[in-house]
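Visitor: Sequence:
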Amino acid sequence: MPPIQTSLLPPGGRTVLLSIKPKYADLILQGCKTVELRRSWAAQPVCTIVIYASSPVQKLVGVVAVREVKDQSINELWKTSQAHGGGLTRKELQTYYLGKRRGLAIMLGDVKSAQTPADPKELLPGFTPPQSFRYLDEAELKSIEQKLFSKRAKK
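Going by the numbering used here, the sequence shown opens with residue 1, and the numbers climb by one from there.
Watch out, some of these pointers could steer you wrong.
To be verified - The calculated label-pair distances, taken between Cβ atoms and stated as ranges, are:
no., residue 1, residue 2, range
1, Gln115, Asn75, 36 to 44 Å
2, Tyr135, Arg102, 19 to 27 Å
3, Leu98, Leu123, 15 to 23 Å
4, Lys70, Gln94, 16 to 24 Å
5, Arg101, Gln44, 20 to 28 Å
6, Asp137, Gln115, 17 to 25 Å
As the list claims (entries may be wrong) - Straight-line alpha carbon distances no greater than 30 Å define the calculated DSS-like cross-link-like pairs of lysine-lysine that follow:
no., residue 1, residue 2
7, Lys100, Lys142
8, Lys142, Lys21
9, Lys142, Lys121
10, Lys100, Lys70
Everything labelled a hint here was simulated from the structure, so no lab data went into it. We put the CB at the ideal spot given by N, CA and C, even for glycine.
All chains should be built: construct the whole structure from the sequences, respecting the hints.
Guide: Structural data, given as C-alpha coordinates:
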(Lines of atoms letter the chains of each structure in order from A and count residues from 1; the text may use other names and numbers.)
(Lines give C-alpha, C1' and ligand atoms only; values in the text may rest on other atoms or scores of the structure.)
Protein backbone atom coordinates (compact mmCIF):
# COMPACT_ATOMS: atom_id res chain seq x y z
CA MET A 1 0.00 0.00 0.00
CA PRO A 2 1.39 3.43 -0.83
CA PRO A 3 1.87 5.39 2.39
CA ILE A 4 0.30 8.76 3.04
CA GLN A 5 2.96 11.26 2.15
CA THR A 6 4.33 13.69 4.71
CA SER A 7 2.96 16.36 2.39
CA LEU A 8 -0.33 16.17 0.52
CA LEU A 9 1.45 17.40 -2.60
CA PRO A 10 1.39 14.34 -4.84
CA PRO A 11 4.51 13.29 -6.75
CA GLY A 12 2.68 11.07 -9.25
CA GLY A 13 -0.88 12.30 -9.56
CA ARG A 14 -3.41 14.88 -8.53
CA THR A 15 -5.23 15.37 -5.27
CA VAL A 16 -9.00 15.66 -5.27
CA LEU A 17 -11.52 16.76 -2.69
CA LEU A 18 -14.21 14.08 -2.64
CA SER A 19 -17.72 14.44 -1.17
CA ILE A 20 -18.55 11.36 0.89
CA LYS A 21 -21.56 10.73 3.11
CA PRO A 22 -20.54 10.93 6.78
CA LYS A 23 -21.25 7.26 7.57
CA TYR A 24 -18.92 6.17 4.73
CA ALA A 25 -16.30 8.81 5.60
CA ASP A 26 -16.24 7.43 9.16
CA LEU A 27 -15.77 3.87 7.88
CA ILE A 28 -12.86 5.01 5.69
CA LEU A 29 -11.21 6.89 8.58
CA GLN A 30 -11.61 3.81 10.81
CA GLY A 31 -9.90 1.67 8.15
CA CYS A 32 -12.97 -0.57 7.73
CA LYS A 33 -13.87 0.65 4.22
CA THR A 34 -11.03 0.36 1.72
CA VAL A 35 -13.03 0.91 -1.46
CA GLU A 36 -15.03 3.88 -2.68
CA LEU A 37 -17.54 3.11 -5.42
CA ARG A 38 -18.23 5.69 -8.11
CA ARG A 39 -20.19 5.95 -11.34
CA SER A 40 -17.56 8.29 -12.80
CA TRP A 41 -14.07 9.39 -11.85
CA ALA A 42 -11.33 11.88 -12.60
CA ALA A 43 -9.79 11.94 -16.07
CA GLN A 44 -6.34 12.71 -14.62
CA PRO A 45 -4.45 10.26 -12.39
CA VAL A 46 -5.31 10.75 -8.70
CA CYS A 47 -3.06 9.60 -5.87
CA THR A 48 -4.65 11.33 -2.86
CA ILE A 49 -8.20 12.13 -1.75
CA VAL A 50 -9.10 14.85 0.75
CA ILE A 51 -12.30 13.58 2.38
CA TYR A 52 -15.18 16.03 2.67
CA ALA A 53 -17.86 14.55 4.94
CA SER A 54 -21.07 15.90 3.43
CA SER A 55 -24.17 17.14 5.26
CA PRO A 56 -24.79 17.31 8.15
CA VAL A 57 -21.04 17.24 9.07
CA GLN A 58 -19.76 19.48 6.23
CA LYS A 59 -16.08 19.27 7.21
CA LEU A 60 -12.79 18.15 5.75
CA VAL A 61 -12.03 15.14 7.94
CA GLY A 62 -8.95 13.40 6.55
CA VAL A 63 -6.98 12.17 3.58
CA VAL A 64 -6.58 8.76 1.99
CA ALA A 65 -4.18 7.39 -0.62
CA VAL A 66 -5.53 5.94 -3.87
CA ARG A 67 -3.93 2.56 -4.61
CA GLU A 68 -5.77 1.72 -7.81
CA VAL A 69 -8.91 2.44 -9.83
CA LYS A 70 -10.77 -0.60 -11.19
CA ASP A 71 -13.36 -0.44 -13.97
CA GLN A 72 -15.73 -3.33 -13.18
CA SER A 73 -19.09 -4.86 -14.00
CA ILE A 74 -21.82 -4.39 -11.41
CA ASN A 75 -21.36 -8.01 -10.23
CA GLU A 76 -17.60 -7.49 -9.88
CA LEU A 77 -18.25 -4.24 -7.96
CA TRP A 78 -20.49 -6.14 -5.55
CA LYS A 79 -17.73 -8.68 -4.88
CA THR A 80 -15.15 -5.91 -4.45
CA SER A 81 -17.50 -4.01 -2.13
CA GLN A 82 -18.07 -7.11 0.02
CA ALA A 83 -14.35 -7.88 0.21
CA HIS A 84 -13.31 -4.31 1.08
CA GLY A 85 -16.02 -3.02 3.42
CA GLY A 86 -18.01 -1.06 0.84
CA GLY A 87 -20.80 -0.47 3.34
CA LEU A 88 -23.66 -1.03 0.89
CA THR A 89 -26.32 -3.70 0.60
CA ARG A 90 -26.65 -5.36 -2.79
CA LYS A 91 -29.91 -3.48 -3.36
CA GLU A 92 -28.27 -0.12 -2.54
CA LEU A 93 -25.44 -0.91 -4.96
CA GLN A 94 -27.89 -1.87 -7.72
CA THR A 95 -29.91 1.30 -7.13
CA TYR A 96 -26.75 3.45 -7.21
CA TYR A 97 -25.66 1.92 -10.54
CA LEU A 98 -29.17 1.76 -12.07
CA GLY A 99 -28.87 2.03 -15.84
CA LYS A 100 -25.11 1.39 -15.79
CA ARG A 101 -23.34 -1.77 -16.88
CA ARG A 102 -20.04 -0.84 -15.27
CA GLY A 103 -18.69 1.32 -12.47
CA LEU A 104 -15.48 2.22 -10.73
CA ALA A 105 -13.94 0.85 -7.55
CA ILE A 106 -11.46 3.32 -6.08
CA MET A 107 -9.15 1.13 -4.01
CA LEU A 108 -8.01 3.05 -0.95
CA GLY A 109 -4.69 2.86 0.85
CA ASP A 110 -3.32 4.53 3.97
CA VAL A 111 -5.62 6.93 5.81
CA LYS A 112 -4.78 9.95 7.90
CA SER A 113 -7.55 11.43 10.07
CA ALA A 114 -7.54 15.18 10.57
CA GLN A 115 -6.25 16.34 13.93
CA THR A 116 -8.66 19.23 13.47
CA PRO A 117 -11.58 18.73 11.04
CA ALA A 118 -12.00 21.94 9.03
CA ASP A 119 -14.79 23.94 7.48
CA PRO A 120 -13.82 24.08 3.79
CA LYS A 121 -15.43 27.53 3.45
CA GLU A 122 -12.63 28.88 5.66
CA LEU A 123 -9.96 27.43 3.36
CA LEU A 124 -11.44 27.49 -0.14
CA PRO A 125 -12.99 30.85 -1.12
CA GLY A 126 -16.46 30.42 -2.62
CA PHE A 127 -16.54 26.74 -1.67
CA THR A 128 -19.59 24.75 -2.67
CA PRO A 129 -19.63 20.99 -2.06
CA PRO A 130 -18.79 19.13 -5.26
CA GLN A 131 -21.39 16.72 -6.66
CA SER A 132 -18.59 14.20 -6.91
CA PHE A 133 -15.07 15.62 -6.66
CA ARG A 134 -12.93 18.62 -7.49
CA TYR A 135 -9.21 18.89 -8.20
CA LEU A 136 -7.17 20.84 -5.66
CA ASP A 137 -4.28 23.11 -6.60
CA GLU A 138 -0.99 23.48 -4.72
CA ALA A 139 -2.02 26.54 -2.71
CA GLU A 140 -5.29 24.90 -1.66
CA LEU A 141 -3.43 21.74 -0.63
CA LYS A 142 -0.96 23.64 1.53
CA SER A 143 -3.79 25.50 3.26
CA ILE A 144 -5.75 22.28 3.88
CA GLU A 145 -2.68 20.38 5.07
CA GLN A 146 -1.79 23.11 7.54
CA LYS A 147 -5.34 23.27 8.96
CA LEU A 148 -6.00 19.51 9.17
CA PHE A 149 -2.66 18.37 10.51
CA SER A 150 -1.13 21.28 12.40
CA LYS A 151 -0.90 20.62 16.12
CA ARG A 152 -1.56 24.31 16.69
CA ALA A 153 -4.73 24.39 14.56
CA LYS A 154 -7.72 25.69 16.46
CA LYS A 155 -11.18 24.12 16.31
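Visitor: Do the beta carbons of Lys70 and Gln94 sit within 16 to 24 Å of each other?
Guide: About 18 Å separates the Cβ atoms of Lys70 and Gln94, which means 16 to 24 Å holds.
Visitor: Check the following: the C-beta atoms of Tyr135 and Arg102 are separated by a distance inside 19 to 27 Å.
Guide: For Arg102 against Tyr135, whose Cβ atoms are near 23 Å apart, the range 19 to 27 Å holds.
Visitor: Tell me if the beta carbons of Gln115 and Asn75 are separated by a distance inside 36 to 44 Å.
Guide: For Asn75 against Gln115, whose Cβ atoms are near 40 Å apart, the range 36 to 44 Å holds.
Visitor: Quick one, are Lys142 and Lys121 close enough, alpha carbons at most 30 Å?
Guide: Holds. Lys142 to Lys121 sits at ~15 Å (cutoff 30 Å).
Visitor: Between the beta carbons of Asp137 and Gln115, is the distance compatible with 17 to 25 Å?
Guide: 23 Å, holds
Visitor: Range hint 20 to 28 Å: satisfied by the CB atoms of Arg101 and Gln44?
Guide: 24 Å, holds
Visitor: Are the Cα positions of Lys142 and Lys21 separated by 30 Å at most?
Guide: Satisfied, since the Cα-Cα distance of roughly 24 Å is no more than 30 Å.
Visitor: Quickly compare the C-alpha distance for Lys100 and Lys142 to 30 Å and report which way the hint goes.
Guide: Not satisfied, since the Cα-Cα distance of roughly 37 Å exceeds 30 Å.
Visitor: Does Lys100 pair with Lys70 here, judged by a C-alpha cut-off of 30 Å?
Guide: 15 Å, holds
Visitor: Taking 15 to 23 Å as the stated bounds, is the beta-carbon spacing between Leu98 and Leu123 within them?
Guide: 35 Å, violated
Checked against the numbered hints listed earlier, the structure breaks hints 3 and 7; every other hint is satisfied.
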